[in-house]
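Peer 1: Sequence:
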Amino acid sequence: MQNLYSRIRILLVIALLSGFFSVNIIASPTSLRVEPPFWWSGMHNKELQLVVHAKDVATTTVKMEYEGITIKSLDKVENPNYLFITLELSENIQPGSFNISFIEGKKERYKYKYEIRSRKQGSAQRKGFDQSDVIYLLMPDRFANGDPNNDSQPGMLEKADRKNPSGRHGGDIKGIVQNLDYIRNLGVTGIWLNPLLENNNEAYSYHGYAITDFYKVDPRFGTNKDYVDLVDAAHQKGLKIVMDMIFNHCGINHWFINDLPLKGWIHEFPNFTRSNFRAESLTDPYGAEADRARMLTGWFDTSMPDLDQRNPFVKNYLIQNSIWWIEYADIDGIRMDTQPYPYKEMMSEWAQRVFDEYPNFNIVGEAWMQRESMTAFYQKDSKFGNGYNSNIPSITDFPLRNAITQAFIEPEGWTEGMARIYYVLAQDFLYAHPFNNLIFADNHDLDRFYTSIKGDTDAWKLAMTFLLTTRGIPMIYYGTEYLAEGEEHKGHGEIRKDFPGGWQTDSLNYFTASGRSPIQNEAFNYLQNLLKWRSTNKAVQFGKLKHFIPQNGVYVYFRELDNKKVMILLNNSSDAQSVETERFKESMKGVSRGRNIIGNKPFTFRNTILLEPRQALVIELETE
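Residue numbers (this note's numbering): 6 to 629.
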């Protein structure tokens, strides 16, 4: 088969170029596979595409009978090991199971028992994460090892090696479950988990972004049931779960990469071709088509084949997979990796399909762009889409993150210091929904924030105060609460270190106050106080934002909802500052007192407010 020969040539070239990994090429499948493995009644979309994979399955005749289901189409493709069966499900189809038979001559060659399940009550109306939430990002392999017995698994190419910064360390789902109380007690309301799905690759598989089975949790993390139980346990503690998904690429050892269905399933080249990673070229009015093509079709890495989402079978496969996980695991949101890298038309259709099923759900797209305007393009209802609408409500606010990492550690200037934050927020007119932006100081791909600000604890407090009181949906990367350090250029293992205390052999335990140093506890308590207060204050969660141009290193802004107001003052100067309240009278009418939530003390307003050097004040205003 020409496509298979092309596949072999590509893999041989990649192996030669990379010099460190090999790929097991599977000529024929050894068993029957059907995906999605089951589905539900009562879904909005009545079509269901089944991907069937088995040796020469295309030579068989398909037989099935179930009331309320008809075969709309049966597509054979270049590879005879595949069938794509499109089913039509009636409005009133009842839950149950039936056999799909694959007949060759008079003999049943394959049989699959397919199940239509009943949806959980209220599933369609599930509430996704929103501005009331603070999301805690953690990397499962590096958080806590609850079951050392699953660290290395038969059939998994990479074994556990905690001494290797880029290796698997053994963190798992059970470890997360065991520490849900810690996460909840910190004061966050949701958890974003880096991908948990199978990554059966020879090296560097711990991060989860090279998926080899879209329907299976990696056994080194646990089972599908373990994941469902984690979501349920989190919900019982009032925590939402955000699932990390990837549509741009998969892992080189994915089962359908080892036996490609048809030409156009992935982007193929005579020689390995890497993406230029220049997402800006996609919205550049002067951009060259060659640059756009390289961005969209080049591979993310030698171990990550680039999926072609223009292919209708690929598109439906990915869309259905995400809906399957929402329904199956009862998750509360999706973080979509590398949002600009897949074809934008497919991403728009995917998001719309998700919201057709779950109108109150939420999705955040990773739009890693350097400018506000380019970031805004990828948000739902963009003013600059020229007719394009991504349908993705939330996006990652990298421009604001970049400002945060610089503003609190540099001298004040016309465009420096607190002015950096002011200028970023002053461009919010570019966004259709700026209050839906996911805001953060660092993540799993960036220098640790405490390192970015050169270990300045005062700067850390100012930044955390800002992050939890400005517009948007805040995200905290695990370890921020205990001042974790690490530089990305030294390797991703440096910014994804194990959580001390997550392994039985750890000499330090940062899950407890007694295990942390005094300065770490000071930071933890400061952040915890802000988080718990924020979880109860609707003005900070949903209120209007009004800010005043920074003066003398002091940035003042207000959040207001109905009759509730909060005043935030950030003194980034190394000198004490006297701030005259007359300037803020439009936001302080009828206000004479309040409560400073940092320290939980009453606050009486005078004509001036004295700010200590590098001090933050968060004052709940009391109106007369």
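There could be a bad hint or two in this list.
Claimed, not checked - Taking lysine-lysine and the BS3-like style, the derived pairs with C-alpha atoms no more than 27 Å apart in a straight line are:
no.	residue 1	residue 2
1	LYS60	LYS118
2	LYS551	LYS388
3	LYS112	LYS81
4	LYS179	LYS168
5	LYS81	LYS118
6	LYS179	LYS125
7	LYS537	LYS242
8	LYS132	LYS543
9	LYS132	LYS116
10	LYS606	LYS543
11	LYS495	LYS537
12	LYS606	LYS590
13	LYS132	LYS118
Simulated from the structure, these hints should not be mistaken for lab results.
Peer 1: Are the Cα atoms of LYS606 and LYS543 separated by 27 Å or less?
Peer 2: holds, 20 Å
Peer 1: Keeping to a limit of 27 Å between CA atoms, is the pair of LYS537 and LYS242 held or broken?
Peer 2: Measuring from Cα to Cα gives roughly 14 Å; hence the hint holds.
Peer 1: Is the Cα-Cα distance between LYS179 and LYS125 27 Å or less?
Peer 2: holds, 24 Å
Peer 1: Within 27 Å, alpha carbon to alpha carbon, are LYS132 and LYS118?
Peer 2: violated, 33 Å
Peer 1: Does the alpha-carbon distance linking LYS179 and LYS168 stay inside the 27 Å limit?
Peer 2: Holds. LYS179 to LYS168 sits at ~22 Å (cutoff 27 Å).
Peer 1: Against the 27 Å threshold, does the CA-CA distance of LYS551 and LYS388 hold or violate the hint?
Peer 2: holds, 22 Å
Peer 1: For the pair we were handed, LYS132 and LYS543, check the Cα-Cα distance against 27 Å.
Peer 2: Between LYS132 and LYS543 the Cα gap is close to 17 Å, so the pair holds against 27 Å.
Peer 1: Is the hinted pair LYS60 and LYS118 satisfied, with a Cα-Cα distance of at most 27 Å?
Peer 2: Holds. LYS60 to LYS118 sits at ~18 Å (cutoff 27 Å).
Peer 1: CA of LYS81 to CA of LYS118, is that 27 Å or under?
Peer 2: holds, 21 Å
Peer 1: With the threshold set at 27 Å, check whether the alpha-carbon distance from LYS495 to LYS537 stays at or below it.
Peer 2: violated, 35 Å
Peer 1: Mind checking the alpha carbons of LYS132 and LYS116 for me, to see if they're no more than 27 Å apart?
Peer 2: violated, 38 Å
Peer 1: Straight-line Cα separation of LYS606 and LYS590 no greater than 27 Å?
Peer 2: holds, 23 Å
Comparing the model with each numbered hint stated earlier shows that hints 9, 11 and 13 do not hold.
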